[in-house]
Each structure stands twice: as structure tokens, then as C-alpha cells.
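K.L.:
From just these sequences and the hints, can you work out the full model?
For the record, the sequence lines run as chains Z and U.
With numbering that gives the first Met the number 0, the residue at position 160 of the first sequence is 159, and numbering never jumps.
With numbering that gives the first Met the number 0, the residue at position 128 of the second sequence is 127, and numbering never jumps.
Please note: incorrect hints may appear among the correct ones.
[As the list claims (entries may be wrong)] 25 Å max Cα-Cα, derived DSS-like pairs, lysine-lysine: (1) U/K14 x Z/K61; (2) Z/K127 x Z/K61; (3) Z/K2 x U/K112; (4) U/K75 x U/K93.
[Said to hold, decoys possible] Chain Z is faced by these chain U residues, among others (derived, beta-carbon under 7 Å): (5) D147; (6) A148; (7) Q150.
Just so you know, these hints were derived from the structure itself, not from any lab.
Treat the numbers as computed from the prediction; the structure is a model and nothing was measured.
For every residue, glycine included, the Cβ atom is placed at its ideal position computed from N, Cα and C.
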Amino acid sequence: MKKASRNLSLVLMGSISLGVTGCSSEPKFEEEFMTFGSVSECVQYGGFTANECTEMATEAVKQTPTFTSQAECEAQFGEGNCQQPEIAEASSSEYRQGSSWMPLMAGYMMGRYLSGGQAMYGAQPLYKGPAQQGGTFRTAGGATVTPDAKGRVANPGSTIRQGFAHSAKPAAVRAPSASRGGFSGGKSFGGSLGS
Amino acid sequence: MNRRIITPRPGWQEKAERAGFIFHHVDGDIYWDESVCYSFTLRQIEDDIEDPTQELADMCLALVDEVVRSDTLLKKLAIPEYAWNLVRDSWKRKEPSLYGRFDFSYDGTGPAKLYEYNADTPTALYEAALFQWYWMEEAREMGIIPPDADQFNSIQETLIRTLRGFKVADFEQGPMHFACVAGSDEDFATVHYLRDCAVQAGIKTIQMYMEDIGMDENGQLVDVDDGAIRWLFKLYPWEFMIRDEYGPGLERCDTTFVEPPWKMILSNKGILPLLWERYPGHPNLLPAWFHEPGKKAPYGDYVLKPLFSREGANIIAFRDNEEVFDTGGIYGKEGYVGQLLCPPPNIDGQGPVIGSWVIGNTACGMGIREDSSPITGNMSRFVPHVIVTE
Chain Z
0 MKKASRNLSL
10 VLMGSISLGV
20 TGCSSEPKFE
30 EEFMTFGSVS
40 ECVQYGGFTA
50 NECTEMATEA
60 VKQTPTFTSQ
70 AECEAQFGEG
80 NCQQPEIAEA
90 SSSEYRQGSS
100 WMPLMAGYMM
110 GRYLSGGQAM
120 YGAQPLYKGP
130 AQQGGTFRTA
140 GGATVTPDAK
150 GRVANPGSTI
160 RQGFAHSAKP
170 AAVRAPSASR
180 GGFSGGKSFG
190 GSLGS
Chain U
0 MNRRIITPRP
10 GWQEKAERAG
20 FIFHHVDGDI
30 YWDESVCYSF
40 TLRQIEDDIE
50 DPTQELADMC
60 LALVDEVVRS
70 DTLLKKLAIP
80 EYAWNLVRDS
90 WKRKEPSLYG
100 RFDFSYDGTG
110 PAKLYEYNAD
120 TPTALYEAAL
130 FQWYWMEEAR
140 EMGIIPPDAD
150 QFNSIQETLI
160 RTLRGFKVAD
170 FEQGPMHFAC
180 VAGSDEDFAT
190 VHYLRDCAVQ
200 AGIKTIQMYM
210 EDIGMDENGQ
220 LVDVDDGAIR
230 WLFKLYPWEF
240 MIRDEYGPGL
250 ERCDTTFVEP
260 PWKMILSNKG
270 ILPLLWERYP
280 GHPNLLPAWF
290 HEPGKKAPYG
300 DYVLKPLFSR
310 EGANIIAFRD
320 NEEVFDTGGI
330 YGKEGYVGQL
340 LCPPPNIDGQ
350 GPVIGSWVIG
360 NTACGMGIRE
370 DSSPITGNMS
380 RFVPHVIVTE
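P.N.:
Encoded structure:
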């Protein structure tokens, strides 16, 4: 009598990607654009669901441009602002082979906005802004992003808006009657809550 | 029980990723390590791991039945009074448990000794239940392990059978929601895996984050689409759930939780002294007591563990009553239990800890994590095991 099962299979695991599939309904909201230094900042902000925060952080990382040399990267993103991803990371599918230099991400920007009458949300990576303008970021496309003290970006221009197009998805509207986020105490502990 | 150095399968990382094992490395360090495996005899597995696991699982259920009837014991376990009805009702209603993991010290000879019971939010499940099994199947074919090598592992089929037994689909009670906190790949993948098992059990599923759960005006839990959450698998500890904003209202909501509220009793380290009091000298238990600050411990070599803690945090070890290390962390304000010091066996400089799974109250498999430090924390590596003929 064997102690191990004879046959096992999986139906969902092979298609795992971080973030749960979203959901959509009729739009009814104001546009908002926010900069975040991390996923947890985004979750704590509360304007996006934790799922949107996680999913869009992954999307933002994917959009980071890669360069074949340090010089090329620094020419665009400034001296000392580029890195070579570690070998372990470089082998993962997120990075294109042979393109080994990337700008250091400073955070990401989430947007909820109207595009062609349709409510969308999306994200793009942010990098350190021009040195002479403290507190600013720049996008992959080179636009300068100037958030207020709370991270909010008022009325961004079309160059910044276009940066959301790669990851944009129809936005969900949550019912105003229900409260949200009543389970989050464990959040401050960070990392895995398994044991 | 032997630790064997073996050849990793070429391309195992890609195989892992294809199978959804996204945390085979954690923060750049290897987590799944198939350059090593542990081999056991069938007698070791059945007599020393499987039977004791089943016996302990039954002892634990008997303990819950006693604790729910006693205000004194509920207080002793630092369960807040407003949650007592929630715990008691879930036990009275026989709300089903899906899973739990006993952690043992075992070196192949004497009886396995229970370190603790991860009864509420155990992880290291997917790698034990599925990826370890995939490895065995392939390693056998490749001649890495003997062709008749076996494994103590019917975890996944028992998960599916147990989930089917929940009858979620009956009376239009589905779907079942599966939730964890955002930010941990390991937790996300574990929940995704359990969801996979639920789908195989014929259950409709929705995965979400704990932070996205809402409560409507009737005090019912709802998902992102405002759909009712009737069944919720939560990889989120009960001690946090009840202390969160929604905690006090859970008694009135109609959601059936997995694990159920009565698991609050068993995920508490206070069960270690309670078990020892009820079964003194039991071969699989270590002497344990409720720690009282300022009072001398009954042994010189011991560890203090917080009533609530995860990933080996806040464990303080003493030798000859002198503190030798403290793993540090944020737990411990609810009190500590003491337990006789019992370091894991030292095999090639590694301390393996056996994680023995109880699914639907059936002992059905195990996984091993090894670590060169004395406490199994979240930096340990998962290594596969086999059963070989003597």
C-alpha cells in the first residue's frame, strides 16, 4: 500500500499571476492620479483596492525600459540612476535577454481616469526626477511628474496620461453603502501571515 | 532517516514556474532545495509520524471541546471575551476544519516531539502537497531516487475530498471566496493553490485580498462586487481578525469561515501546556507550562514562545537559565508559554523540522524544512522526502 497519491493535477496554478482578476461595472467617479513608493503605500491610501495596487505594481515593473549599456541608460535617466538586475532576477521572464541595464524605480503612479468616455485605471513606473527639482519624478517617456505632499498629481498632461495606456483596464466602482478595509490590522506586520 | 545529497533535475526552476511555484526563491535565496532529500523507512513514517499526528489531532479536538466550556481556559488563552460566542457557536455548529500542520523534532530514532501546531494559517502546503510529489514522480524516472521510492503524501487528494465534503455548492451557498493579505507571493500562491483544489472539488471560487472585503449595512461581508461572502477561506490569523475593525461584528455575520473560529484555540501556543497537563509524559509532547514573569522555570534549558506568533518570531531560548538567543519580533504582549528546550537534530549542520499535515482531521502527509539556525523561520529551505525499502 503506497503512502503517496497515484495521480495529481492542477487546473489553476499554471496560470498564476500576482493580483486577482478585476471586475467592472458602470463608471461613476472623479479622476485621480497618485504616486506611491510601494504597494503598501498604495493599499494604505485606500483609493484603490489592494488587488489593483498589487496588480498595477507588477505592470509598472514590466514597463521599465532596458538598455544594453550603462552609458545609454544614464544618458536618459541620469548618472548613478541605473543598475544591472541581479543574475537571479535577470533569468526571470520579466527582463529581456541581453538588455541588462535598467533605471532604478522610485515608485509607481496609479491613475483612474476617463478615456473615450470609459473609466479606466492603469499604472506606470516612476524614476528619480531632474536633480534640480526636488520631490519630482520622471516617467519612462521622460515627462516630469510633480506630486503634492500627499502624492496626488493634479491634472497631468497628455504625455503622462499616455503612459497609463500599456496597463489600462476598465475601472470598477464600489458601492458607496458598504464599508471597506475592515480587515487590515495584520498589514502593519508585513510579509507572510502564514506559519 | 538519512539526509542524502542528490542531483537537482535540470531546469527545475522553469518547471516550478510553469506549475505556479512562484516562490521557489525568496528574496534571492533558494527556498525549494532539491539538491538534498531525506529518506525514511515505512516504519518510521507510519509509527513515528503518521500515527502520532493522528493521535495528537484527536487530542486537540478533545481539548477544544473542554476549552469552549470553560471561561477560565478561554481567558488563559487570551481570547477576548467578545469573541467567546463566535468560538463557541462555531464549535457547536461543528463548522468544518480544512487543514493544520504539526511541527515535529525527529531524528529517525526516538519519538517525534511536538514543537507546535499551526492550526489556523499554515503555509508550506503547496510545496509539500504538490511540488514535492511532482519531484518524486520525475526523480524516480530519472534515476535520482530508487524506482520504488514512495512518499508520505496524499495531502492534495485529501484536500479535495475534504473540500467536497463542505458541500459549498448545495443550497446555492457558493461561491467560496479565498483571501489573503496583499504583498506576500507565498501567501498568494498558497491561497491560489487551495482555490485550485476547491475547483477540482467542484466548487465555484473567487480569489481576493482581505483588505478588499467589505461589510454592508446589514453587517454581512461582501466582495469587491458587493457579492455576499458565504464561505471564506482566509489565510489571515484569527487573532488579527477579531481585533480588526470588523472583528466584533463577525458573530452576527452569516459567513462560514475556513479555518473556523474554534481554531483560535488550537493556533494558540497555550495548548502546549494544556496538552501536557492532560497527557503528562506523553511520548510526543515536550514538557510545557504557562510562563509567569519572575517565576523560576521548572527546567534550566527551555524556550519561551509567545501565545501568538508566526514564522519563529519572538522565541527566547535559555540554557542553565541563561538567555542564549532571542529571535526578536513584534509578538508576545499576550503572554508566553515555556517549553523544554529540544533543538532539532543536527544532520550535516542542518536542523530539519518535520511538518506533518492534518487535512479534514486525517494525518496524510509531510514536508520538511531545514535551517542552519535553531528556529525554523521564514528563511528555511523546503527539502523533499522519500520512503525507501530497508
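K.L.:
Which of the numbered hints above does this structure break?
P.N.:
The structure breaks hints 5 and 6; every other hint is satisfied.
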